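Colleague: Here are the chains, one letter per residue:
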Amino acid sequence: MAIRILRHINHKLITLCTISLLLFGCAKSVEVLTQFPEPLIEPLPLVIGIRYPIELTDFVHNEDPELAPEWTIKLGQANLRMFRALFKGMFIQTIEIDNATKDSEEAEPQTTTSLDAIIEPSLEEVEFSVPEQSGNQQFTVWLRYNILITTPEGKLITNWRITGYGQQDEGPMGMGDETAMRKAAVTALRDAAANIATTFSSVPNIKRTLLNPPNPFMKGTEIIAAP
Amino acid sequence: MLLTSACMTTNIEEVKDGSTGILPEESIVILASNYHTGNPAEEDFVECVVDKVQSGRNKLNVHSADEFRDALFPWLEPRTTPQGIDGLPELLKRPGVSDRIEERAIRYIIWVAGDTERTSGGGSLSCGTAPPAIVCFGLTWWENLSAYEAAVWDMSEGISTGTISTSVNGTSVIPALILPVPFIARTQATACKGLSKQLKTFISSGTSLR
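These protein sequence lines map, in sequence, to chains W and C.
Under our numbering, the first residue of the first sequence carries the number 2, and numbering increases by one thereafter.
Under our numbering, the first residue of the second sequence carries the number 76, and numbering increases by one thereafter.
Don't take each hint at face value.
What the hints assert, rightly or not - Derived lysine to aspartate or glutamate pairs resembling EDC-like cross-links, with alpha carbons at most 16 Å apart:
| id | chain 1 | residue 1 | chain 2 | residue 2 |
| --- | --- | --- | --- | --- |
| 1 | C | LYS91 | C | GLU232 |
| 2 | C | LYS268 | C | ASP145 |
| 3 | W | LYS75 | W | GLU56 |
| 4 | C | LYS168 | W | GLU43 |
| 5 | C | LYS168 | C | GLU232 |
| 6 | W | LYS89 | C | ASP145 |
Source of the hints: derived by calculation from the structure; they are not laboratory data.
Keep in mind the model is a prediction, meaning the values are calculated, not measured.
Take the sequences, apply the hints, and build the full model.
Modeller: Right under this line is the structure:
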């Protein structure tokens, strides 16, 4: 009788192990589609052209970490929504520039004549960790963007790298891995936006070129009389 | 399966630094504290406090935390939130911030920090199947500590009016002789109930209504 019970328990254990392995091996996918708020700041008196490269708006991060299932995190739409809301609140006017004009000599001058600068954001790096890796209950997401800022003529003002970090507790009962990862990604996106909104004006090259441009009538401290 | 309650000890402390009070048309916002500065309370704990504070006796109007964070974006994000009450005047001076707070009639911001953790445990419980039943033998136990603190900021005065802290210690036990009989100490739920009740009293029973 005891052997029969043990044999039965063994079968149950094998079944449980198989189910666990299947679950462990399941790939997980998240698409971040949240809306983002405009920043509550004084808009800078700049007219900015924004170019959203397709690599940013279609961004998908895929990673198969050790000790954890494979993850696919789709951030393309979230990138676009975040930057649109952010830049709309940061500048008095923004004009989206078609990617097609980037290498076109004909369309570019017409579009850019009234602009103070052109911004082209890109998402360079994504890292994340899940509880299986970190040993705590946190899902974390880390993003690194590059904000390329040029004059309308294409002269480099700055390549500004900024980061965003977000973490989300999975909760004692577990809110679902996908929900926790999505929330961590949203927090990271908001953090990146907050970083840009609050530090843009203090980036040296931006400050010098766009916010305090040298007065063409000034030369040192000597005032040159206008003709 | 029977579910019975286990022994718990609860401690609630209140430090009041200023007078409080709230008008019927005014609201409060309850936010998890910043993970840069402390240990933010779990999302479900904050939700529990919100539910309890806006219901029952002495209930208060609780404004949506998400809406408030969006309205003040980017000033209540982890990297920009005031690190303490000293940073509040700077926040209130930022363009548009005071207006957004007044539009929503937010009188107090409550920052909730803390967590629930297992402090000890032991024993052994084994279960197996003996068709048609599941049979368990043994005894397992664990001790949880739920410790939370709510800091109350008065937005009309730009000051801290005090803190309420609660700690609940409880031991859960599951003895099993064929059938397991769990005695679960629901420390987090008890902490939520205690903190919420004290918070309502703290805010409502003030002497000053502005």
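Colleague: Decide if the proposed pair is consistent with the structure: LYS268 of chain C and ASP145 of chain C, CA atoms, cutoff 16 Å inclusive.
Modeller: violated (28 Å)
Colleague: Sort out whether GLU43 of chain W lies within 16 Å of LYS168 of chain C, counting only the CA atoms.
Modeller: holds (13 Å)
Colleague: Mind checking the alpha carbons of LYS89 of chain W and ASP145 of chain C for me, to see if they're no more than 16 Å apart?
Modeller: With a Cα-Cα distance of about 15 Å, the restraint between LYS89 of chain W and ASP145 of chain C holds, given a limit of 16 Å.
Colleague: Do the alpha carbons of LYS75 of chain W and GLU56 of chain W lie within 16 Å of each other, as the hint requires?
Modeller: holds (12 Å)
Colleague: Between the alpha carbons of LYS168 of chain C and GLU232 of chain C, is the straight-line distance 16 Å or under?
Modeller: OK: LYS168 of chain C and GLU232 of chain C at ~13 Å, within 16 Å.
Colleague: Next pair to validate is LYS91 of chain C with GLU232 of chain C; report whether the Cα-Cα distance is within 16 Å.
Modeller: Satisfied, since the Cα-Cα distance of roughly 15 Å is no more than 16 Å.
Hint compliance for this structure: hint 2 alone is broken.
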